[in-house]
Amino acid sequence: MSAEPIRVLIGKVGLDGHDRGARVVAQALRDAGMEVIYTGLRQTPEQIVETALQEDVRVIGLSILSGAHMQLLPPVVEMLRRQEGDDIMVIAGGIIPREDIIYLKESGVTEIFTPGAKTTDIVEFIKSRLIDTP
Amino acid sequence: MTDPDKVQALRGERKSWEESLETAAVNNPERKKFVLDSGLQVKTAYDPLDTAGLDYPDALNWPGQYPFTRGIQANMYRGRLWTMRQYAGFGSAGETNARFRYLLDQGQTGLSTAFDLPTQVGFDSDHPLARGEVGKVGVAIDSLVDMEILLEGIPLDRVSTSMTINSPAAILLAMYMVVAEKQGIPPEALKGTIQNDILKEYVARGTYIFPPRESMRLVVDIMAYAAKKLPNWNPISISGYHIREAGSTAVQELAFTLSNAISYMQAAIDAGLDVDSFAPRISFFFNAHLNFFEEIAKYRAARRIWSRLMKERFGAKNERSMMLRFHTQTAGSTLTAQQPDVNVIRVAYQALSAVLGGTQSLHTNSRDEALALPTEHSVLLALRTQQVIAHETGVADTVDPLGGSYFIESLTDHIEAETMRYIEQIDNLGGSVAAIEKGFIQQEIQTSAYRYQKEVEAEERIVVGVNKYTGGSDQAADLLRVDPAVSQRQVERLKEVRLNRNQAKLAESLQELRRAAQTSENLMPSIVEAVRAYATVGEICGILREVFGEYQQNINI
Chain Z
926 MSAEPIRVLI
936 GKVGLDGHDR
946 GARVVAQALR
956 DAGMEVIYTG
966 LRQTPEQIVE
976 TALQEDVRVI
986 GLSILSGAHM
996 QLLPPVVEML
1006 RRQEGDDIMV
1016 IAGGIIPRED
1026 IIYLKESGVT
1036 EIFTPGAKTT
1046 DIVEFIKSRL
1056 IDTP
Chain R
8 MTDPDKVQAL
18 RGERKSWEES
28 LETAAVNNPE
38 RKKFVLDSGL
48 QVKTAYDPLD
58 TAGLDYPDAL
68 NWPGQYPFTR
78 GIQANMYRGR
88 LWTMRQYAGF
98 GSAGETNARF
108 RYLLDQGQTG
118 LSTAFDLPTQ
128 VGFDSDHPLA
138 RGEVGKVGVA
148 IDSLVDMEIL
158 LEGIPLDRVS
168 TSMTINSPAA
178 ILLAMYMVVA
188 EKQGIPPEAL
198 KGTIQNDILK
208 EYVARGTYIF
218 PPRESMRLVV
228 DIMAYAAKKL
238 PNWNPISISG
248 YHIREAGSTA
258 VQELAFTLSN
268 AISYMQAAID
278 AGLDVDSFAP
288 RISFFFNAHL
298 NFFEEIAKYR
308 AARRIWSRLM
318 KERFGAKNER
328 SMMLRFHTQT
338 AGSTLTAQQP
348 DVNVIRVAYQ
358 ALSAVLGGTQ
368 SLHTNSRDEA
378 LALPTEHSVL
388 LALRTQQVIA
398 HETGVADTVD
408 PLGGSYFIES
418 LTDHIEAETM
428 RYIEQIDNLG
438 GSVAAIEKGF
448 IQQEIQTSAY
458 RYQKEVEAEE
468 RIVVGVNKYT
478 GGSDQAADLL
488 RVDPAVSQRQ
498 VERLKEVRLN
508 RNQAKLAESL
518 QELRRAAQTS
528 ENLMPSIVEA
538 VRAYATVGEI
548 CGILREVFGE
558 YQQNINI
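Just so you know, the sequences run in chain order Z and R. The letter at position 41 of the first sequence is residue 966 when you use my numbering, and the numbering goes up by one with no holes. The letter at position 510 of the second sequence is residue 517 when you use my numbering, and the numbering goes up by one with no holes.
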């Protein structure tokens, strides 16, 4: 395991302005020793991918509460694949119904955290997934 | 409690009771710390000594009398119950119109419109950033055509309508007026509210477009226009709701909302308006959160602070200018995705606090809102919750039934004092616009939000079904899904509107709008003309974006 901190991009995709969750998670990841870049509101999937590649992050955490997750999350994963960024893990959080979670996971989103999720669980999840991969 | 001998005697008795309390605490140690989010240590019991300094006519007075602590009307709900107003909107204008009619048929007494996000941030439905968002969290409105469909068959002279719209508030208000005009209803007869509270968008809700100072101009333009043309319309609803949802405490909710209100008042006065010409139509919007008594005290303190601010700080003469009227919504952020039926109970208690606090209108959230937009069945249950409070519990039979409670009065005083301390701090920073530009308010909210989350995770704060009693079913019956074809149909309708309107009239109206925006003239008349010419929300906001520029968010964590 390297001593380099894990770099994470926390992003708000779509137009919703509810960034309480994104900010709380960003702060929790930072307190857990990760390096966190927060994009702010109203990012397109293209902007997320571009920032993630530029900032050389290992994880993208996307927050969305507008209901547009089916349209906005899969393109992030697809674009990462096309631009050789598929070693970047994509996770998401927000108001996302169970049936949609199944579809989103099939389309390459690694994990989805819904209301009530603990920030410590998110930290543990990221660490457990990245710890063995260089 | 003014007799000094009695007070002295009571002090002695309290001291001996406190000694017995120590023994009790040894046998039954307290199970947790009892501290409110605003920092107040809640005492074991309150007694007359806690309210000994309370001067009844000065601090409370009768309902309907300054400082309105006990309520803004003399007989409150004995005369007219609060307006039951469920926030609704999804998909197309036609679908939302059907939901509106359903709610009115079920006994709802006012409408409340949710717009989709592209509408709220001033993009047409075919804008690239509207991808996936059309008709999702509210109804899609691109042009007057959509508004005509939305309001079809609804008697606009009898129903009051609230519209949750901020940056493009002027446009939606103009559309509402023009639709009413086509139905033969004059502006004076229109009753309703537009949110039009841009300052909280920068700190909590996020649907800003223009920079703060340009946005303030739009807000004041609407207030000035409404003061002349729309005597029964609330041209602003200054909102603590979203500040609280973003994670603030009760005191912060009140302090930041009232600080924003002070900025709007000052801006309108600076623009040359007489305070009593617009202040009677100012309305507020608060959150009904979990801590029952703290919330009740919050609404009472809000009324007292506002009346004093209006009288002493802004020199209002008309008593109506000093009355804080407010809408309440139960706290969406307290709803859980786990065991969603339990949300019905949370909502009921929250709604009860709003009623005991003297709200003028109320939205009760639906149980499935942590999962998706509410189904028709869930919305009905939420509305029925209000109807049970109104007609079965008896709490609306007398005004301010908790007035005089040692605890409630102490808490009201505490919240007032803490709120005033914050307001002073913001005044010292140069007012709320400057405090927002400096990121002060955002930082305060974020700190509270993070602390709340930590407390839940440390199980210092129990959330039933989330960190305790997690055994129940997480299954919601069924969820509402917005028809994915809505977006395509909306874009087709928009194309049709763009083709069929009078292009010369449109171009002329947009040119006039641009000219007016570059001056300091009131923008409402030119926005009304543009709307009449079927200019879209995206086109009108596009011109204003060019003239005013766009706001860049502070993204510090």
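Each hint should be verified, as a subset may be incorrect.
Every beta carbon over 10 Å from chain Z, so not counted as near; a handful from chain R, in silico [said to hold, decoys possible]: (1) 43; (2) 87; (3) 155; (4) 186; (5) 213; (6) 379; (7) 447; (8) 456; (9) 473; (10) 526; (11) 562.
Chain Z residues, not near chain R, derived (Cβ > 10 Å throughout) [said to hold, decoys possible]: (12) 929; (13) 944; (14) 945; (15) 1003; (16) 1016; (17) 1040.
Cut-off 20 Å, straight-line C-alpha distance, at most; resulting in silico cross-link-like pairs (EDC-like, lysine to aspartate or glutamate) [unchecked claim]: (18) R:50 <-> R:467; (19) R:461 <-> Z:975; (20) R:318 <-> R:431; (21) Z:1043 <-> R:431; (22) Z:1052 <-> R:466; (23) Z:1052 <-> R:431; (24) R:235 <-> R:20; (25) Z:1052 <-> R:481; (26) R:40 <-> R:431; (27) R:475 <-> Z:1024; (28) Z:1043 <-> R:481; (29) R:461 <-> Z:1049; (30) Z:1043 <-> R:528; (31) R:461 <-> Z:1046.
None of these hints come from the bench; they were simulated from the model. Don't be surprised by glycine CBs; every beta carbon is placed ideally from N, CA and C.
| task | For the pair supplied as a hint, residue 461 (chain R) and residue 1049 (chain Z), confirm whether the alpha-carbon distance does not exceed 20 Å. | result | holds, 16 Å
| field | residue 213 (chain R) non-interfacial with respect to chain Z [C-beta, more than 10 Å] | value | Per Cβ check, residue 213 (chain R) is inside 10 Å of chain Z; nearest 1 Å; violated.
| Would the least Cβ to Cβ distance between residue 379 (chain R) and chain Z come out above 10 Å? | Non-interface label fails for residue 379 (chain R): nearest chain Z Cβ at 5 Å, not farther than 10 Å.
| request: Sort out whether residue 528 (chain R) lies within 20 Å of residue 1043 (chain Z), counting only the CA atoms. | output: violated, 51 Å
| field | Pairwise hint evaluation, residue 431 (chain R) against residue 40 (chain R), where the allowed Cα distance is 20 Å at most | value | This hinted pair is violated, its Cα atoms lying about 29 Å apart.
| query | Does the no-contact call for residue 473 (chain R) survive, Cβ to all of chain Z over 10 Å? | reply | violated, 5 Å
| Are all C-beta atoms of chain Z more than 10 Å from that of residue 526 (chain R)? | Label holds. Min Cβ-Cβ 30 Å, cutoff 10 Å.
| field | 10 Å cut-off, C-beta based - residue 447 (chain R) kept clear of every residue in chain Z | value | Given a closest Cβ separation of 16 Å, the condition holds.
| field | Consistency of the no-contact label for residue 456 (chain R), given chain Z and a CB cut of 10 Å | value | violated, 5 Å
| task | Check the non-interface label on residue 929 (chain Z): least C-beta distance to chain R beyond 10 Å or not. | result | holds, 20 Å
| task | Classify the label on residue 43 (chain R) as holds or violated, using whether its beta-carbon is more than 10 Å from each beta-carbon of chain Z. | result | holds, 20 Å
| query | For residue 186 (chain R), is the shortest beta carbon distance to chain Z beyond 10 Å? | reply | Answer for residue 186 (chain R): holds, closest chain Z Cβ roughly 25 Å.
Violated hints for the displayed structure, listed by number in ascending order: 5, 6, 8, 9, 11, 13, 14, 17, 19, 21, 22, 23, 24, 25, 26, 27, 30.
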